[in-house]
Each structure stands twice: as C-alpha cells, then as structure tokens.
Amino acid sequence: MPIVETRNLTKDYMHGRMTVPALRGVDLTIKAGEFTAVVGPSGSGKTTLLNLIGCLDRPTGGQILMDGKDISGYSPTELADLRRHKLGFIFQTYNLIPVLTTYENVELPLLLLGVKSNGEIKDKVMSALAEVGLAGLETRRPMDLSGGQQQRVAIARALVKEPRLILADEPTANLDSENSEAILSLMQELNRKMDTTFLFSTHDPLVMKFARRLVTMRDGKVVEDERR
Amino acid sequence: MAYLTKMAWRNLGRHRGRTMLSLIAIIMGVFVVVIAKGLIDGIVDTFITYNINLNSGHVRIIQPEYKLKEQTLSLGYTVGDEDTPYYSIVKDIRNIPDVKVATGRIRFGMLLVAGDDVQETVLGIGTDFDEEERITHLSRFLEGSERGTLPRAGQREILLGDALMDKLGVGVGDKVNAVFSTSFGSLGIATFRVVGQMSSGLKFLDESVAYIPLDTAMHLLDMDNSVTEIVVFGDTLSKSDAIKARIEPVANTLPGKPLVVPWDEYSELISLMSRAKAIYAVIYILIVILASFVVFNTFLMVVSERTREIGMLAALGLSPQSIRRLFLIEGTIMALAGSFVGALLGGVFNLWFGSRGLDISKMTENLGGEFLLTPRIYPTTSVSTLVFSFMLGVVVTIVAVYIPARHAGKLKPTEALRSV
Chain A
1 MPIVETRNLT KDYMHGRMTV PALRGVDLTI KAGEFTAVVG PSGSGKTTLL NLIGCLDRPT
61 GGQILMDGKD ISGYSPTELA DLRRHKLGFI FQTYNLIPVL TTYENVELPL LLLGVKSNGE
121 IKDKVMSALA EVGLAGLETR RPMDLSGGQQ QRVAIARALV KEPRLILADE PTANLDSENS
181 EAILSLMQEL NRKMDTTFLF STHDPLVMKF ARRLVTMRDG KVVEDERR
Chain B
1 MAYLTKMAWR NLGRHRGRTM LSLIAIIMGV FVVVIAKGLI DGIVDTFITY NINLNSGHVR
61 IIQPEYKLKE QTLSLGYTVG DEDTPYYSIV KDIRNIPDVK VATGRIRFGM LLVAGDDVQE
121 TVLGIGTDFD EEERITHLSR FLEGSERGTL PRAGQREILL GDALMDKLGV GVGDKVNAVF
181 STSFGSLGIA TFRVVGQMSS GLKFLDESVA YIPLDTAMHL LDMDNSVTEI VVFGDTLSKS
241 DAIKARIEPV ANTLPGKPLV VPWDEYSELI SLMSRAKAIY AVIYILIVIL ASFVVFNTFL
301 MVVSERTREI GMLAALGLSP QSIRRLFLIE GTIMALAGSF VGALLGGVFN LWFGSRGLDI
361 SKMTENLGGE FLLTPRIYPT TSVSTLVFSF MLGVVVTIVA VYIPARHAGK LKPTEALRSV
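First to last, the protein sequences are chains A and B. Positions 1 to 228 (this note's numbering) are the ones given, in order, by the first sequence. Positions 1 to 420 (this note's numbering) are the ones given, in order, by the second sequence.
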C-alpha cells in the first residue's frame, strides 16, 4: 500500500474576488522508501502539493489517501494529529525553535508524541544527532550553529520519531554547494539505511541529481514522472 | 504540558525589556488597586463602623413614627411603657442567641448654657455608659491626663466634646446648664458638671453631642420606662440579619409594634456607603484592564513576530489548542509574577501608610456632622484585599492574553510558515 496517494487533487486560492488554481487535478503515488523530488518552475504548484500531502492545508477538491485513509475532510486538530504521528518536515529556513537547545529541538517531536521514558527519549535523540553528525553539540542553541548544522538539526528532528514520510521544501536553498551536497548525501544515506521515505520540492539541480524519482510539475499539473 | 511550560518560560526571556514592561504594567495596576482599595475600605469601614457604634447598632428598635420624624428628636414615640418597661425589654433581647449587647438610648434636643451669653444647641444622648463601653468605647476619647472620666449612673454629670467645650468656654470640672423639653412638652432645666472631655476627631462627637447617663435622662425627661431607641449588637456584623429575624417576633409583641431596622437602612448615606465598595470594585477592574492593555499589545506583537515559529510548531503536530495554551502559559506566568509582586508591594505600602495615616482634615472640615470621618484616615491591609487584587491581576491579564493566544491557535500552518 502506498504511503500517500493523491487523486485528482485540486487547490484554489482566492486573490480578492479572483480564484487562482494552484493545483489542477494531481494524481501522485508515493511508496515507502522512495526518494522523490518534485520539480518545476515557480508557481507550478510544488509547495502547494507538499503542503497538502503534509497535512498543512486542505484541498479544494480530490482526495488524499494516507496509508489508504482519505484525509481530505479531516479537521485542523485531526490533521495536527497526523502530522505529529506520521510526518516529518525539513524547511529551507530550518525553522528551529530558538529558545530550545539542539537536544531539546530534536526531543520536541517525541514529547509531542507523548513518549514518557526519559531513557527512551535520550537514546533516540542521541542516536538521531549521531546520524546527522552533531554528537557533542546537544547543548548549543540554534543561533550558535552554522546554517549547515541547523539544517542537520532539522533533519534529526524530522527523523527522530521515525515518520512514515519526510517532506523537505527546498532544503538546500539556504546552503552553499558544499553543505548542500553534504546534507543531500546524508538524507540519501538515511533513505538507504533506514528506508525513510523522502519527498522534496526543489529548484536545485543538485537535489535533482540525488533524487531517484523526478516528478515535474507545470501550471498545477504533473507533466512528467521519471523514475531512475 | 511540561514542555509547553518550559518553552513558555524561556520565551519570556527572549525580549527581557518587553517582558519587564508588561510585568511593570501588571505590577503597577495591582499595586494601585491594593492602595486604592485599602484607602477606600479604610474610609468606608471607618464611616460604617462609627455609624454602627454611635447611631444604628447592628439593628435598632424604634417606633415607625420615630423613624419618619427622627430629625425632630421627638420624645413622643418611644419604646417601652409602664406595662412593658424598657428594662424588661432589653433583658428579653439580651437572652436572644448571638446578641452581644442590647441597650437603650434617648436622643433629645438640648440647649447648653455656660456663663451669661454662651449657649450652644446640641444633641443630647442619654446612655448606659457600662453598656456603651462594650460598643463605642467612649473612654478611648478621654485619653490624656486632664480629660476626666465618663459620667456615672444616676449623677448629673455630662460628657462633652473638646470643640464644644471650647465654644462654651468650659473645662473638666466646670458646670453647664441644660435647657430641654420633656416628653410631656414642658420645659426642663438642669445643671450638669462636666466630667469628661472627648477628643475623637469626629466633628459629630466633638462639636455637637452631649452624653449624660441614661437613668438621669429618663428622670429629667419624664421617661422612666422608655427610651427613644434600643440598639442591639451581635458578635459580628454578618449576623445582623439573623438577629433582626429573631428580634422581630419580640418587637411585634411590644406596644406600637416597633420596627427592627438593620444598620444599612439607617440613612441613605449609609446605604450608599455600604454599596460604595461594589461601585469601587468596578473602578479597580478598570484600572487593571488599563494596565492589561500593555500586556495585550505585547502579546499581539509577540504572536506577530513568532508567526513562522507557530507554523513550525503546527507542522510538528502541535494542535491549535496547544499553541493557544503555549501563549496562555506565558501570560499566566507573567500574570502570577506581576500580580504577586504588585500585591506584595501594595500590601507593604499600605502597612506603612496604615501606621501613619492620611491627613484628610482639609476635607472633613467642610463635611457635615453626619459624615463620621476622622481627620486622619488609616488605609486597611487585609488578606482579602491582597487576594482580591492578586486574583484580579491574574484573571484580567489572562483574559488580555487570551485574544492574541486564540489568534495564534487559529493561524493556518501554511500562512504562518510563509510569514517573514
């Protein structure tokens, strides 16, 4: 069973009295273990698609099936519950919580899931930080880390709860090429080693180089779906 | 919940200047309420306490006609007669549960004459000084070596206020002549020796009242078995309704079926003053609401600045309710700390202020005698005032924070994440 499946997915935005279609009937299936990049020009609907799959927004029409369940009509609280349990996010601006340390930022998703055992939390956090190469920086605050390090913390935070799917919106947009390559290599390694499913939206040719599946969008539609 | 509290606590340290500004606003608001409430309660309590002690008792037994014509100081509408003498009535009333003191007073008009030309019209009060000591403690106004004593029962002795004695030009030990009308309407004249000089600070007592023993008044006014009023006191003011209910059946059996009037129906002014605390409570709430505008604005700004962070928390799976709770916890910490410090500072200030008092003599000079206010007012510091002010600060601040917090909870994750 696919992790996510969209059927004739549409999303309209209102600009004043004008309706602007962002997605015009997208059919897409993401299976476990995939390393997929959604590419296309600005305004093609990449981020909108990721937001809908990521349960951050609700579609205007069509269906989103997550693990076979139609989530299109879920309430904001139910969507929050899904995000908490099944999804991880990596953003281009890292979006770490500035008042929390590296350790606490990574720990947060586990606390939100209601994990009570301190031992279990510590094991998982330290393991996630080790995976992204940040062991020893647990007590640092985001402001004391470089951009590359912050993005690694964001990856560890997305990874720590072992989600069904990690959504990465332009994850390399704020990184130099060296850091971008390192981050992508890391995610690729995690994908191979832990079978974590990744779905990117990107303009970055480097991401496209790493992706094993390229979904190209234009004007709110999938125009090409290439598996490598 | 623990992680939300931890985040909220640390968020307060993000912009210390702004947090301090909000805290100071809450502290100031609560501080002003404690001081204002202490002062107002001090004034109202003083006024009501003096009025109860000197005039109304917790309840007062009077004839219905007397209530209507009280200003005329008529001796025609009395409680008690030959068949049901005053002494037996108070004896019965004293046996009623929760009654602490029951005693009669006779109020009558009197002209005091000293020397050849000096005369003053005063309110004469015939009273049982032993019982009066348990209520008004008149002897405390005699403090000082040359102020004498209270009049003795059966004697033609009189107690006057210092201002009145100055006007009459008499001192303790001197004699004054009194001219009055008896209950039969005939003219009476008697000579009294001034045995005590009151210095209460109350215009009413010091300028216009002359106390004489009750039995002397009864004899001179031809009222051997009656008084114009019986004042009754319970253990506490809160029992006055219960006492009234117990006395009424007794009063209904007395000649003329006298009324049992509770303290807060003594006069319109008393009724107004007893309601004043409720009116001022609205003002206290307004003071804290004004202070809470600072907190409200701060939190609006905070939510606006942290919009992207709110989006991130939502993306992590924090529910709208939890996001709202995060801001409410921040507000609650601020409300608790600010209100506590404000109440504490206000309490300390009131304790200091209460020991020194506030001179309001300029104000009382121009007030009529019915305003039972001393020239120096002492703000009260009660636990109830501190708790009220603290709770008011906490509740109003949390309500002020609720609106921005609710807004934060309602933000759409996608829009929040897009914010710059």
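Because the hints were derived from the structure by calculation, they are not lab data. Be careful, since some hints might not be right.
[Claimed, not checked] List time: in silico SDA-like cross-link candidates among lysine to any residue, alpha-carbon distance up to 20 Å:
1. B:167 / B:195
2. B:412 / A:100
3. B:100 / B:195
4. B:6 / A:57
5. A:86 / B:322
6. B:410 / A:100
7. B:244 / A:82
[Said to hold, decoys possible] Covered stretches of chain A, as calculated for chain B (at least 3 residues, CB under 8 Å):
8. 10-24
9. 69-80
10. 89-95
[To be verified] Selected chain B positions facing chain A (Cβ under 8 Å, derived; list incomplete):
11. 3
12. 10
13. 11
14. 17
15. 18
16. 307
17. 309
18. 314
19. 318
20. 320
21. 324
22. 413
None of these values were measured; they are calculated from a predicted model. Glycine is no exception: its CB is placed at the ideal position from the N, C-alpha and C atoms.
Hints, verified against the model:
no. : hint          : verdict
1   : B:167 / B:195 : holds, 17 Å
2   : B:412 / A:100 : violated, 23 Å
3   : B:100 / B:195 : violated, 28 Å
4   : B:6 / A:57    : violated, 29 Å
5   : A:86 / B:322  : holds, 19 Å
6   : B:410 / A:100 : violated, 23 Å
7   : B:244 / A:82  : violated, 67 Å
8   : 10-24         : violated (count 0)
9   : 69-80         : holds (count 3)
10  : 89-95         : holds (count 4)
11  : 3             : holds, 4 Å
12  : 10            : holds, 4 Å
13  : 11            : holds, 6 Å
14  : 17            : violated, 16 Å
15  : 18            : violated, 14 Å
16  : 307           : violated, 11 Å
17  : 309           : holds, 6 Å
18  : 314           : holds, 7 Å
19  : 318           : holds, 6 Å
20  : 320           : holds, 6 Å
21  : 324           : violated, 12 Å
22  : 413           : holds, 4 Å
Of the numbered hints stated above, those contradicted by the structure are hints 2, 3, 4, 6, 7, 8, 14, 15, 16, 21, listed in ascending order.
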